[in-house]
Structures are given as structure tokens and as C-alpha cells.
Amino acid sequence: MNALNWLTQGDQGLFPTEMAPMLLGLVLSLLAGQILAHVYMVTHPGLSYSRSFVNAISVMPVLVALVMGVMANNLVTAFGLMAVFAIVRFRNILRDTLDTCYLLGSLVLGMACGTQKFSTALLGLAVVAGILLFLWYTEFGSRHRYDVILNLHWARPQTDLPDLSRLLERHGLKVHVASQRSHEGSEGVDLSYRVLLRDPSRLGEMTSELRNLSGITRVTTIKAEDESEL
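Sequential numbering of the sequence shown, starting at 220, is according to my numbering.
Any given hint might turn out to be false.
Unchecked claim - Pairs of lysine to aspartate or glutamate residues, derived as EDC-like cross-links and limited to a Cα-Cα distance of at most 16 angstroms, are as follows:
1) 393 - 418
2) 442 - 424
3) 442 - 366
4) 442 - 418
5) 393 - 358
Simulated from the structure, these hints should not be mistaken for lab results.
Construct the entire structure; sequences and hints are all you get.
Spelled out as C-alpha cells, the structure:
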């Protein structure tokens, strides 16, 4: 048996896997995971956004498809995989969602080798390793929606705020009012903006113009990091 035949016909288990449908299933599951991950990236509104979780959404369908290929309607294999994963999960606290994918992947590959599904193990290893390297190299799941957080005090009447808005819009592609606070017994209002700059290198120029604009005091800026827990 040459190398190509061994790769495509190497499963020696009770229910050998057909490699072409298996590869198609892995590719389709990857596409489904990517679409679902993109939807999550666009719709997630909270502050607890995690790029690791987005990557896990992409990888998990592929791992589940690989699990189903290893099981191949074999209840003994299915219960064995559940038991091993439950033991490892019980003994270890995983703080990273993607760590769970790595753990599940290693268990599935071990089960594939143990049930003599050698072709399935090799194909699954190549696909999963390629996906994980792709996610790492492209930094898939990262979001960057603003460059700077701008805090200032506006001492003029609020009817004059369009003057400030025009200045910000001249420097920013997107300007979002994050908060607006007024204090009882004092004039003016504290404003906080999230700004996506047209040219991030001109942040100092925008700050200088703000300080020179009549009615503005206490101007502070905080450069925004990548919107992710990773």
C-alpha cells in the first residue's frame, strides 16, 4: 500500500471513515463556525468581549465534526470519550475558552489513534492545527472600533456644543458620546467621547486644538487598546 492509499484507507477500526466526506464535513463545519464567529463579533455589545472565545466558536464545530467521525455510531467509543473528557475537566480548571478546544482536540486525536482510525487522526490533526495557526497568525476575532477615549469639561452652555462636535468630526471618522455628566451647583458638563481618528498620528494636534477652544478645561486622552481580553 503506497503512502496515498494508506492516507485515504488507513482507518482500521470497526467502522472505517470515508476520507472525502470527512474532509467535506470538516471544511463545512469550519465555514459554519467562521460565520457564527463573525456574527458574534458584530453583535456583541458588552465590555467582556474575548478574542479567545471567538476563536473557540470557530474551532469547536470542527472538533465536534471530528468527534462524530471518530465515534462512527460506536457507543463504546462515545462513552469512552465522554468519560475521559469529564475526568480531565474535573481535575483541571480551564480559565481560557480556547484551552478547552486544545484539550478536546488532543483527546479526540488520542481516541482516533486508540480506535485505529489513523487516517482520521492525521486528517483531523492537519485541519485543526492549520485552523489554530490561521487564527493566531491573522489575529482573528480582534476588534478595533476607536483609537482614543477623550475626557473634557465643557464650561460653556450646552447649546454651544456643536462647536465642539465640528472640531471632533474634523479629526475623527467616528465620534461617540460615551457619557455626559453635570454636577449640581456648578456650571458646565463633563463629557467623555470615544473617537476613531482619521489619522492617529495627529492625536496631539486634536488635543492642542481642544485646549485652545474657548470653554474647554481638563482635557485628558487615553489611547484605546485592542477591544479584547487577549
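Here is how each hint holds up against the structure:
1. 393 - 418: Holds. Residue 393 to residue 418 sits at ~12 angstroms (cutoff 16 angstroms).
2. 442 - 424: holds, 15 angstroms
3. 442 - 366: holds, 6 angstroms
4. 442 - 418: holds, 13 angstroms
5. 393 - 358: violated, 23 angstroms
In this structure, only the earlier hint numbered 5 is contradicted, and the remaining ones agree with it.
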